[in-house]
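2 protein chains.
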Amino acid sequence: MTTAQLVSEIKRKKSFLCIGLDVDLNKIPQHLLKENDPIFAFNKAIIDATHHLCVAYKPNTAFYEAYGIKGWQALEKTINYLNKNYPEIFTIADAKRGDIGNTSTMYAKAFFEDLAFDSVTVAPYMGKDSVEPFLTFENKHTILLALTSNQGAFDFQTKTVNDKELYKEVLETSKNWTNSENLMYVVGATKAEYLAEIRNIIPNSFLLVPGVGAQGGNLQDVCKYGMSNNVGLLINSSRGIIYASNDVCFANAAAKKAQELQLQMEVELKRY
Amino acid sequence: MTTAQLVSEIKRKKSFLCIGLDVDLNKIPQHLLKENDPIFAFNKAIIDATHHLCVAYKPNTAFYEAYGIKGWQALEKTINYLNKNYPEIFTIADAKRGDIGNTSTMYAKAFFEDLAFDSVTVAPYMGKDSVEPFLTFENKHTILLALTSNQGAFDFQTKTVNDKELYKEVLETSKNWTNSENLMYVVGATKAEYLAEIRNIIPNSFLLVPGVGAQGGNLQDVCKYGMSNNVGLLINSSRGIIYASNDVCFANAAAKKAQELQLQMEVELKRY
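So the sequence lines, in the order shown, correspond to chains A and B.
If you use the working numbering, the first sequence corresponds to residues 1 to 272, in order.
If you use the working numbering, the second sequence corresponds to residues 1 to 272, in order.
Isolated chain A, as found in the complex:
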């Protein structure tokens, strides 16, 4: 999917919501455990109930890998279901990969070709030659970790390097990598006030923003400081939506929570 198509979908749906599909068998409605593939059954119900309210889904691969082969099969079924039934949806493999050159190419093939995701999250620690292999894939997007939403972000990401915080050095440096137009960035909502400075460095790049809701971030602040001319924001919510209820009406409850966020986003899209 191109960035222009993503922006067009955001305007059509009046939403820049991304729903995180972080499926934990201990948290899903227990009646689903009788299903042949409970993880996929859960995802399918959530997707069918919420696809018109969001523009992206983001399975975090950890939750699938933890269940071994069955988990990987559920991930494959989920991405195939999305690509077949809702091709207008932007799909994100939240995998936080990153390795040396030829190995990064293998990861890129895993997520862009074998699983046919539109994008994958990648860690920057190993530098340019660990990220550029992902950037060579046309109409695929690499979402680089910049400033994450957890407490550990302050261990290294905000330390000063070359008179600026490390995450800003990551933003600055990565702008010069080959095919950097295929980069997006992870920036946590819990540090919304940092977004203004981030926009000075990358005025137009899309930001994937976790941490609204469960982790305490505020949607209005994120939009105030982070919205760009082409919106430039994907706000992720996982637990707050998918675990809104664990009774038989869980998918409706998820849709209700998603709609609350979509309506707030509609207001923000009018404001800017």
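Mixed in with the good hints there might be a few duds.
When chains are identical, the list treats them as one kind, so a pair holds in a single copy or across two.
No farther apart than 30 Å at their CA atoms in a straight line, the calculated lysine-lysine pairs in the DSSO-like style are these [to be verified]:
#1 LYS11 x LYS140
#2 LYS109 x LYS34
#3 LYS84 x LYS70
#4 LYS77 x LYS109
#5 LYS175 x LYS109
#6 LYS27 x LYS70
Simulated from the structure, these hints should not be mistaken for lab results.
Got chain A sorted already, so can you dock chain B onto it with the hints?
Chain B alone, transformed into the frame defined by chain A:
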């Protein structure tokens, strides 16, 4: 496996060799492609021919994920084969994972419980709460990326933070994390002269050292600057061993290359 058991195996085998199982179907002997599971058939042959010459195997998960479900099954078969037939071998999932707290716990379960590896490589960018969940597993080891062997290591890892290079900040900071005795570190052989300073910070920790051979690192230099009182080194070689030949005698050729390295290691173990 405990660190003491690993050291004991190193002394018994007179080897601190780790063999990287980075299986690329384009590079393995073509007669194996007729097998039901060519990746596992290749690994099994390599393992059976080399297990007495090395103390560790390190599959890089990228190479398995790139083949989807079949790749993941081959990885599972490989680790099960190792654990059943060669339980004295230290196993490393070279996955370079790292995510926020509850998600890192899922990754830890994937590699330590579901796949039953002894260790996993983890990226430090997201800080303490992304790594500590891995450290809670008893007799399991978390191998943190410090200074990698690729060119991109100079993009961020060697930049100055708090008057020292970022990778040294990672070493210093991680020493204070809970259960830090379960940490090991990735330090590339291509920067062997950095090892003396690294040993000032972490005198006893085990180092996983890639980059000997194909990437230009020198075994003697690594030992000179990096060997600790309890050896403290695992030297990885992947392509140089497993792709030594691609005819029907490929496993013997791999064993020959592994033995060359083991004999050099035997000399180094006597020297220090």
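I want to check one pair: LYS84 and LYS70. Are their C-alpha atoms no more than 30 Å apart within a copy, between two copies, both, or neither? both (21 Å within a copy, 22 Å between copies)
Is the C-alpha distance from LYS27 to LYS70 at most 30 Å within one copy, between copies, in both cases, or in neither? both (17 Å within a copy, 29 Å between copies)
Can you give me the call for LYS175 and LYS109, within, between, both or neither, at a CA distance of at most 30 Å? For LYS175 and LYS109, the Cα distance is within 30 Å only inside one copy (23 Å; across copies 36 Å).
Up to 30 Å between alpha-carbons, please classify LYS109 paired with LYS34: within, between, both or neither. Only across copies: LYS109 and LYS34 sit 23 Å apart there, 34 Å inside one copy, limit 30 Å.
Could you figure out if LYS77 and LYS109 sit no more than 30 Å apart (CA to CA) within one copy, between two copies, both or neither? both (17 Å within a copy, 22 Å between copies)
Up to 30 Å between alpha-carbons, please classify LYS11 paired with LYS140: within, between, both or neither. Within. Shortest intra-copy distance 21 Å satisfies the 30 Å Cα cut-off; inter-copy 49 Å does not.
Violation of the numbered hints given earlier is absent; every hint is satisfied by the structure.
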